[in-house]
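Participant: With chain W fixed as given, assemble chain Z onto it according to the hints.
Protein chains: 2
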Amino acid sequence: MSMKIPHRLYLSEDQMPKQWYSLRADMKDKPDPMLNPGTLEPIGEEDLYPVFCEKLAHQEFDDVTRYVDIPEEIQEFYKMYRPSPLIRAFNLEKALGTPAKIYYKFEGNNTSGSHKLNSAIAQAYYAKKQGLKGLTTETGAGQWGTALAEACAFYNIPLTVFMVRVSYDQKPFRKIVMQTFGADIFPSPSDTTNAGRAMLEANPNSSGSLGGAISEAIEKAVTTEGYRYVLGSVLNQVLLHQSIIGLESKIAMEMLDEYPDIIVGCAGGGSNLGGLIAPFMQDKLLGKASPRIIAVEPASCPSLTRGRYAYDFCDTAKITPLAKMYTLGSGFMPSQNHAGGLRYHGMSPILSKLYHDGFMEAVSVEQTKVFEAAAFFAKQETILPAPESAHAIRTAIDEALKCKETGETKTILFGLTGTGYFDMSAYGAYNEGTMTDYIPSDEDLAAGFAALPQV
Amino acid sequence: MSMKIPHRLYLSEDQMPKQWYSLRADMKDKPDPMLNPGTLEPIGEEDLYPVFCEKLAHQEFDDVTRYVDIPEEIQEFYKMYRPSPLIRAFNLEKALGTPAKIYYKFEGNNTSGSHKLNSAIAQAYYAKKQGLKGLTTETGAGQWGTALAEACAFYNIPLTVFMVRVSYDQKPFRKIVMQTFGADIFPSPSDTTNAGRAMLEANPNSSGSLGGAISEAIEKAVTTEGYRYVLGSVLNQVLLHQSIIGLESKIAMEMLDEYPDIIVGCAGGGSNLGGLIAPFMQDKLLGKASPRIIAVEPASCPSLTRGRYAYDFCDTAKITPLAKMYTLGSGFMPSQNHAGGLRYHGMSPILSKLYHDGFMEAVSVEQTKVFEAAAFFAKQETILPAPESAHAIRTAIDEALKCKETGETKTILFGLTGTGYFDMSAYGAYNEGTMTDYIPSDEDLAAGFAALPQV
Chain W
1 MSMKIPHRLY LSEDQMPKQW YSLRADMKDK PDPMLNPGTL EPIGEEDLYP
51 VFCEKLAHQE FDDVTRYVDI PEEIQEFYKM YRPSPLIRAF NLEKALGTPA
101 KIYYKFEGNN TSGSHKLNSA IAQAYYAKKQ GLKGLTTETG AGQWGTALAE
151 ACAFYNIPLT VFMVRVSYDQ KPFRKIVMQT FGADIFPSPS DTTNAGRAML
201 EANPNSSGSL GGAISEAIEK AVTTEGYRYV LGSVLNQVLL HQSIIGLESK
251 IAMEMLDEYP DIIVGCAGGG SNLGGLIAPF MQDKLLGKAS PRIIAVEPAS
301 CPSLTRGRYA YDFCDTAKIT PLAKMYTLGS GFMPSQNHAG GLRYHGMSPI
351 LSKLYHDGFM EAVSVEQTKV FEAAAFFAKQ ETILPAPESA HAIRTAIDEA
401 LKCKETGETK TILFGLTGTG YFDMSAYGAY NEGTMTDYIP SDEDLAAGFA
451 ALPQV
Chain Z
456 MSMKIPHRLY LSEDQMPKQW YSLRADMKDK PDPMLNPGTL EPIGEEDLYP
506 VFCEKLAHQE FDDVTRYVDI PEEIQEFYKM YRPSPLIRAF NLEKALGTPA
556 KIYYKFEGNN TSGSHKLNSA IAQAYYAKKQ GLKGLTTETG AGQWGTALAE
606 ACAFYNIPLT VFMVRVSYDQ KPFRKIVMQT FGADIFPSPS DTTNAGRAML
656 EANPNSSGSL GGAISEAIEK AVTTEGYRYV LGSVLNQVLL HQSIIGLESK
706 IAMEMLDEYP DIIVGCAGGG SNLGGLIAPF MQDKLLGKAS PRIIAVEPAS
756 CPSLTRGRYA YDFCDTAKIT PLAKMYTLGS GFMPSQNHAG GLRYHGMSPI
806 LSKLYHDGFM EAVSVEQTKV FEAAAFFAKQ ETILPAPESA HAIRTAIDEA
856 LKCKETGETK TILFGLTGTG YFDMSAYGAY NEGTMTDYIP SDEDLAAGFA
906 ALPQV
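Going down the list, the sequences are from chains W and Z.
Just so we're aligned, residue 1 is where the first sequence starts under my numbering, counting upward by one.
Just so we're aligned, residue 456 is where the second sequence starts under my numbering, counting upward by one.
Bound conformation, chain W alone:
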């Protein structure tokens, strides 16, 4: 079936996916199992029950179920802000003078401002079903914290958020949004946990890290009756929920008789990228198609392009199980001048495995080039992108410009994960010409690698 190509294509409610898709079911070589850091033995689903909701722990471990029914209630919530539009970037193409066809899936049309809500509502739902008394989490740039605050408000679940201190200080408005949705916010490191107090003792002026905030949030969850911890990226369960992005995209592209030659997504922990590529990667795993799939990461936090594929802790205080992933070491912190998210030391184990096995590529880009792309895109497409999303824009533009040189009419699909309304300080620095780049030297990275656990 084919149709006239609209600027924005919205699926009808009837067309929305009723199941999530799990990539692992189609991976012949599965990601390596999580290990107990003491015994180095693989852990089981039940081992995670003290930390995660049981249903989510199950999703974390189940690597054979291909399609998971989306509970009715979650489907109903999705309908409040989904389907998200698949947008043809007619104006961007024209401004670039490229023969390439550029599509993007825009996930910013909800108050949380990003795709994070897709998993937040799922995790809040399962928490409610289990009768939990509250949840804890961490947030870096603030998108995940906002999304989860929104989801918890919907289900009346108390929420405590540990927000990386540099964001807490620089993004007071993010904090207020979360508070408006009823969440309690602490800057991390905080003096409310042992992990936080240890970090403050080591460095009273610590600006915090995502890994550190994770340590605090987990400690708070496991030491509070009826609480559990939730995470917005990296985990297998998160990629499962985020598959809605790719599934919708694929249906929409089929309606247009299109199939992407190149799929581009920004990659921090991998939640958006893993969701966007899911059904296309399935085609690739099953030998049905062979799109190029490109992960884009900041040059200042290059876990895929310069990290090690190794077992590592998921947090700074080393209280989590070990996961096999591309990592810069659990103590890694992006430099102070790094704007926005995409600041996690590791990467989704699923994506790490796929990258390691050659099913996808990765590039890193510098932030001034990223903001250049963001401002150019905004002027053409009327959407002010989040810095994270702009990483994908940068690479999509670069690929479209290559098509201009070669004259190839490739079809490019990228994920526009969210809006930049809370990142105006960074845009201001870019406008003023005071934004700088930072690429860690090999020496900078060596310490992180040296501290990797011996497995």
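Keep in mind that the hints were calculated from the coordinates and are not lab data.
Note that the structure is predicted; figures quoted are calculated from it, not measured.
In this text, a Cβ means the ideal position worked out from N, Cα and C, and glycines have one as well.
Take these hints with a grain of salt, some might be off.
[Claimed, not checked] Facing chain Z, from chain W, some residues (calculated, C-beta under 10 Å):
#1 12
#2 79
#3 177
#4 425
[To be verified] Taking lysine-lysine pairs in the DSS-like style, the calculated list, with each CA pair at most 27 Å apart, reads:
#5 W/55 to W/28
#6 Z/534 to W/79
#7 Z/534 to W/404
#8 Z/534 to W/4
#9 W/369 to W/404
#10 W/4 to W/79
#11 W/94 to Z/473
#12 Z/859 to W/79
#13 W/324 to W/28
#14 W/4 to W/410
#15 Z/459 to W/18
#16 Z/779 to Z/510
#17 W/79 to W/128
#18 W/128 to Z/549
#19 Z/473 to Z/583
#20 Z/773 to Z/588
#21 W/79 to Z/865
#22 Z/583 to W/94
#23 W/94 to W/404
#24 W/410 to Z/534
#25 Z/459 to W/79
#26 Z/743 to Z/473
#27 Z/584 to W/94
#28 W/129 to Z/549
#29 Z/588 to W/94
#30 Z/459 to Z/549
#31 Z/485 to Z/773
#32 W/4 to Z/473
#33 Z/459 to W/4
#34 W/284 to W/402
#35 W/128 to W/55
#36 W/79 to Z/549
#37 Z/549 to W/18
#38 W/133 to Z/549
#39 Z/534 to W/94
Facilitator: Below, chain Z without anything else, positioned relative to chain W:
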């Protein structure tokens, strides 16, 4: 035709209106003409050419053409962010326990964050067609300035924005958004115009007013070769462009076999309200239907509910023609504690006339009650509303609660004009309990009325 009612209804591109609708064509009693403040004689279209684009001046005066073709280029631009969704507030209804059916038209899904882009792109288009070298405008809360910056960026038109100083100081991020789209921003009063210098001389610490910023923007336009001035509300041309909101709403409601019993919109200068109600008011004017139409304004800036229906200047420095409208006097300034927009001293002459002739109602609401409604709405509907939009939410909720008392199943439609991402200081004050209300006394208003021009 009827269908299962979805959460969000998006028209297809084919269904989008290709013409704007002009309410004046169907008003038996037209609004009174604009007057030259010196001669008190009606002015003509050509008299506005030094200030406005010719085509826009024409639209300002034409009160007989019922439907105006939307130029192809504008239709194409609209398709980048329209149609906006008509949303059924299922969750809000449930939370309120009301038998009422609540729909809202959500105009916040674009970077400008509001409906203002609908007219901004039209005005920028006509400026481009006329070969203008630049545009000037004013902005209060910043929505109009952002929308126009976006539209001017698209057409590569230089733009100078005079931003009410209190907003300039309190909303640095709004400023950065406009700068990212390439606009030059001055706080008003500024020392770059005679009007601004006079205001600074009278009060060096002036926090500015919308009327004052208008004076500066007009002066700058008429004293700069090839420049013209544009305005985001109040004017007839703006209501014409904004009719796209109501036209889309009506088509969507017809698809659902619905017709609103009550239509609610916030009212500052009247751009959103006039657009939302246009085709429904047409039905009312033609005796085809009789929906209640309610304008909601801040208790702190009550032009309809407590103003005079009189000829007045549209700006503070008294350089504009006189318009017959509900007004608090051109020197009126909302109190410092007033958050957000809806701070203009007057009201669209079209809406003023319709209100005066009994075709619509008006209510005023206090801002703490407005933010209470905003926070409640956000938790149910996943959209963080702009303070302006929340005025309509407040009244829609109040009407829905009346239905709960009476058991009536009324259909309520309200306009959700935009998002509150740049209003987090105000949300913060509400969350902290430090937000206050202000209702001007009769004495406060008397000075403004005394200064009205003698016509």
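Participant: Does each hint hold? Answer for all of them.
Facilitator: Checked hints:
For residue 12 of chain W, the shortest C-beta to C-beta distance to chain Z is roughly 7 Å, which falls under 10 Å, so the interface hint holds. Given the 10 Å rule on beta carbons, the hint for residue 79 of chain W holds: about 4 Å separates it from the nearest Cβ of chain Z. The closest approach between the C-beta of residue 177 of chain W and any C-beta of chain Z is roughly 6 Å, which is under the 10 Å cut-off, so the hint is satisfied. This hint holds: residue 425 of chain W has a C-beta 8 Å from the nearest C-beta of chain Z, less than the 10 Å allowed.
Proposed proximity of residue 55 of chain W and residue 28 of chain W is supported: the alpha carbons are some 25 Å apart, at most 27 Å. Proximity of residue 534 of chain Z to residue 79 of chain W is assessed by CA-CA distance (about 22 Å); at most 27 Å being required, the pair is judged to hold. About 26 Å separates the Cα atoms of residue 534 of chain Z and residue 404 of chain W, which keeps this hinted pair within 27 Å; it holds. Taken as a hint, the residue 534 of chain Z and residue 4 of chain W pair is honoured in the structure, with Cα atoms around 13 Å apart against an allowance of 27 Å.
Distance check on the hinted pair: residue 369 of chain W and residue 404 of chain W sit about 19 Å apart at the alpha-carbon level, within 27 Å; holds. As the CA atoms of residue 4 of chain W and residue 79 of chain W are separated by approximately 25 Å, the hinted pair is consistent with the 27 Å bound. For the given pair, residue 94 of chain W sits about 24 Å from residue 473 of chain Z by alpha-carbon distance, which is consistent with the 27 Å threshold. For the proposed pair residue 859 of chain Z and residue 79 of chain W, the alpha carbon gap of about 26 Å is at most 27 Å, so the pair holds.
Distance restraint check for residue 324 of chain W and residue 28 of chain W: the Cα-Cα separation of roughly 17 Å lies within the 27 Å cut-off, and the hinted pair is therefore satisfied. With a CA separation close to 18 Å, the supplied pair residue 4 of chain W and residue 410 of chain W stays within the 27 Å bound. The hinted pair formed by residue 459 of chain Z and residue 18 of chain W meets the criterion: a straight-line CA distance of about 18 Å does not exceed 27 Å. With a C-alpha separation of about 22 Å, the suggested pairing of residue 779 of chain Z with residue 510 of chain Z holds against the 27 Å cut-off.
Simply put, residue 79 of chain W and residue 128 of chain W have alpha-carbon atoms about 19 Å apart, close enough for the 27 Å limit, and the pair holds. Simply put, residue 128 of chain W and residue 549 of chain Z have alpha-carbon atoms about 18 Å apart, close enough for the 27 Å limit, and the pair holds. Under the criterion of a C-alpha separation no larger than 27 Å, the hint pairing residue 473 of chain Z with residue 583 of chain Z is consistent with the structure, at around 20 Å. Between residue 773 of chain Z and residue 588 of chain Z the CA atoms are separated by roughly 26 Å; this keeps the pair inside 27 Å, and the hint holds.
Proposed proximity of residue 79 of chain W and residue 865 of chain Z is supported: the alpha carbons are some 23 Å apart, at most 27 Å. Straight-line distance between C-alpha atoms of residue 583 of chain Z and residue 94 of chain W comes to about 18 Å, which keeps the hinted pair within the 27 Å bound. This hinted pair checks out: residue 94 of chain W and residue 404 of chain W have alpha carbons roughly 11 Å apart, not beyond 27 Å. Under the criterion of a C-alpha separation no larger than 27 Å, the hint pairing residue 410 of chain W with residue 534 of chain Z is consistent with the structure, at around 23 Å.
A threshold of 27 Å between alpha carbons decides the hint, and for residue 459 of chain Z with residue 79 of chain W the separation of about 13 Å falls inside it, so the pair holds. The straight-line distance between the Cα atoms of residue 743 of chain Z and residue 473 of chain Z is roughly 23 Å, inside the 27 Å bound, and the hint therefore holds. This hinted pair checks out: residue 584 of chain Z and residue 94 of chain W have alpha carbons roughly 20 Å apart, not beyond 27 Å. With a C-alpha separation of about 20 Å, the suggested pairing of residue 129 of chain W with residue 549 of chain Z holds against the 27 Å cut-off.
Simply put, residue 588 of chain Z and residue 94 of chain W have alpha-carbon atoms about 23 Å apart, close enough for the 27 Å limit, and the pair holds. Between residue 459 of chain Z and residue 549 of chain Z the alpha-carbon distance is near 18 Å, which keeps this suggested pair within the 27 Å criterion. For the hint pairing residue 485 of chain Z with residue 773 of chain Z, the CA-to-CA distance comes to about 24 Å; that is within 27 Å, so the pair holds. With a C-alpha separation of about 18 Å, the suggested pairing of residue 4 of chain W with residue 473 of chain Z holds against the 27 Å cut-off.
With a C-alpha separation of about 25 Å, the suggested pair residue 459 of chain Z and residue 4 of chain W falls inside the 27 Å cut-off, and the hint holds. Under the criterion of a C-alpha separation no larger than 27 Å, the hint pairing residue 284 of chain W with residue 402 of chain W is consistent with the structure, at around 23 Å. A threshold of 27 Å between alpha carbons decides the hint, and for residue 128 of chain W with residue 55 of chain W the separation of about 11 Å falls inside it, so the pair holds. Distance restraint check for residue 79 of chain W and residue 549 of chain Z: the Cα-Cα separation of roughly 16 Å lies within the 27 Å cut-off, and the hinted pair is therefore satisfied.
For a cut-off of 27 Å, the pair hint linking residue 549 of chain Z to residue 18 of chain W stands: about 24 Å separates their Cα positions. Between residue 133 of chain W and residue 549 of chain Z the alpha-carbon distance is near 23 Å, which keeps this suggested pair within the 27 Å criterion. Simply put, residue 534 of chain Z and residue 94 of chain W have alpha-carbon atoms about 16 Å apart, close enough for the 27 Å limit, and the pair holds.
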